[in-house]
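Undergrad: The residues making up each chain are set out below.
Protein chains: 2
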Amino acid sequence: MTESGKPILYSYFRSSCSWRVRIALALKSIDYETIPINLIKDGGQQFSEEFQALNPMKQVPALKIDGITIGQSLAIIEYLEETRPTPRLLPQDPKKRAHVRMISDLIASGIQPLQNLSVLKQVGQENQLTWAQKAITSGFNALEQILQSTAGRYCVGDEVSMADLCLVPQVANAERFKVDLTPYPTISRINKTLLALEAFQVSHPCRQPDTPPELRA
Amino acid sequence: MTESGKPILYSYFRSSCSWRVRIALALKSIDYETIPINLIKDGGQQFSEEFQALNPMKQVPALKIDGITIGQSLAIIEYLEETRPTPRLLPQDPKKRAHVRMISDLIASGIQPLQNLSVLKQVGQENQLTWAQKAITSGFNALEQILQSTAGRYCVGDEVSMADLCLVPQVANAERFKVDLTPYPTISRINKTLLALEAFQVSHPCRQPDTPPELRA
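Just so you know, the sequences run in chain order A and B.
The first sequence lines up with residues 1 to 217 when you count with my numbering.
The second sequence lines up with residues 1 to 217 when you count with my numbering.
Wrong hints could be hidden among the right ones.
Identical copies go unnamed one by one, so any copy, or any two together, can satisfy a pair.
With a straight-line Cα cutoff of 20 angstroms, these simulated PhoX-like cross-link-like pairs (lysine-lysine) come out [claimed, not checked]:
id, residue 1, residue 2
1, K64, K96
2, K64, K95
3, K6, K95
4, K121, K134
5, K6, K28
6, K28, K95
7, K178, K192
8, K64, K28
9, K95, K192
10, K6, K64
11, K6, K41
12, K134, K178
13, K28, K134
14, K178, K96
15, K121, K178
These are computed hints drawn from the structure, not numbers from a lab.
Build out the structure end to end from the sequences listed, making use of the hints.
TA: This is the structure we're talking about:
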């Protein structure tokens, strides 16, 4: 927390996991400060001793709040949900909550980790695009099918949930990796609907304190 | 659910994510039936049309319970926690719950997906061991550090939590991939303590209906 008591988000404008948390903070109207951690500059600022002490995983996001520092985007969102429950990001019904968490984990464990920066570095420059596309299409094939039975206006019914906070940043990654989205009409429709909401707009990678001028919009 | 109303767990004896759920079911004394999905036989039974209809991610575990089918191990465990709260697998204090979920996600998103079967296939036979070791040591370096401030007898304080359900199966994977565990005394100590508990023993890969005779113990 800052001296003013505001939570501090360690974030990188383009990190899809950071974006998930930024949407949650925006939806819940939580005022916070951003400390940008540039994952590319200086060989990666996440590897600095100072940041490692904060988050030993050397990843963004991390959130300093209420006297603790939390890493892992979904753990952060669940904490915000438990301590700042309005508006809720998990439905009341346990079965619907299970659907929300299943979709969130499908993206957060089943897709994103396989196409993140550190893995793509290991895969080597010439294989990166194919590798990332395979991870995303494989996950999106499953997700499109699951959404047939869970989706309303959004991923699960008609209320914005944690699943939607995972969906939009993952679709942005898919676009960066030139994944053809035509086989995913439900994913595309929900993504478009969500991007019209203010919380998704103010948290967008093109509007962050560390967004480079040429990428701002 | 079966005709008898028991939940059905689609599981593979050696799958670390299935083991997480088996521990939860054992701790909560939930009676269930296992349908083994052999991830290697017949080119992978998870790719059958029948199983894909159940879990489009083509992964184990999946749990049929209360009329729904849930995929993703942590989503399953959170559902069990909400509907069968005793004994609890998440502490009461929101900050401790955040630590439990952070450690769980560190393993479930930050380590396991990078060393699972489908990724190792893509990496190629000659690189598999190095790749898996790198993913595990990188995650364990962070985890060992985090445990210095969260652990008591177990990962978070002195009560068994979801984090412990993730830890033990991940250590078993580390051993399979010949990771040197001497740099991780806290992880090793907690793992050993947990393995002495009955719920971790009955759910162990060496004691499942689909464990091959030569691996039974």
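Undergrad: Take the hints in turn and mark each one as holding or not.
TA: To see whether the hints hold, each was checked on the structure:
{"no.": "1", "hint": "K64 - K96", "result": "between (29 angstroms within a copy, 15 angstroms between copies)"}
{"no.": "2", "hint": "K64 - K95", "result": "between (31 angstroms within a copy, 12 angstroms between copies)"}
{"no.": "3", "hint": "K6 - K95", "result": "between (34 angstroms within a copy, 17 angstroms between copies)"}
{"no.": "4", "hint": "K121 - K134", "result": "both (16 angstroms within a copy, 13 angstroms between copies)"}
{"no.": "5", "hint": "K6 - K28", "result": "within (14 angstroms within a copy, 39 angstroms between copies)"}
{"no.": "6", "hint": "K28 - K95", "result": "between (23 angstroms within a copy, 19 angstroms between copies)"}
{"no.": "7", "hint": "K178 - K192", "result": "within (17 angstroms within a copy, 46 angstroms between copies)"}
{"no.": "8", "hint": "K64 - K28", "result": "within (16 angstroms within a copy, 33 angstroms between copies)"}
{"no.": "9", "hint": "K95 - K192", "result": "neither (26 angstroms within a copy, 35 angstroms between copies)"}
{"no.": "10", "hint": "K6 - K64", "result": "within (9 angstroms within a copy, 43 angstroms between copies)"}
{"no.": "11", "hint": "K6 - K41", "result": "neither (27 angstroms within a copy, 54 angstroms between copies)"}
{"no.": "12", "hint": "K134 - K178", "result": "within (11 angstroms within a copy, 28 angstroms between copies)"}
{"no.": "13", "hint": "K28 - K134", "result": "neither (34 angstroms within a copy, 38 angstroms between copies)"}
{"no.": "14", "hint": "K178 - K96", "result": "neither (32 angstroms within a copy, 40 angstroms between copies)"}
{"no.": "15", "hint": "K121 - K178", "result": "within (18 angstroms within a copy, 24 angstroms between copies)"}
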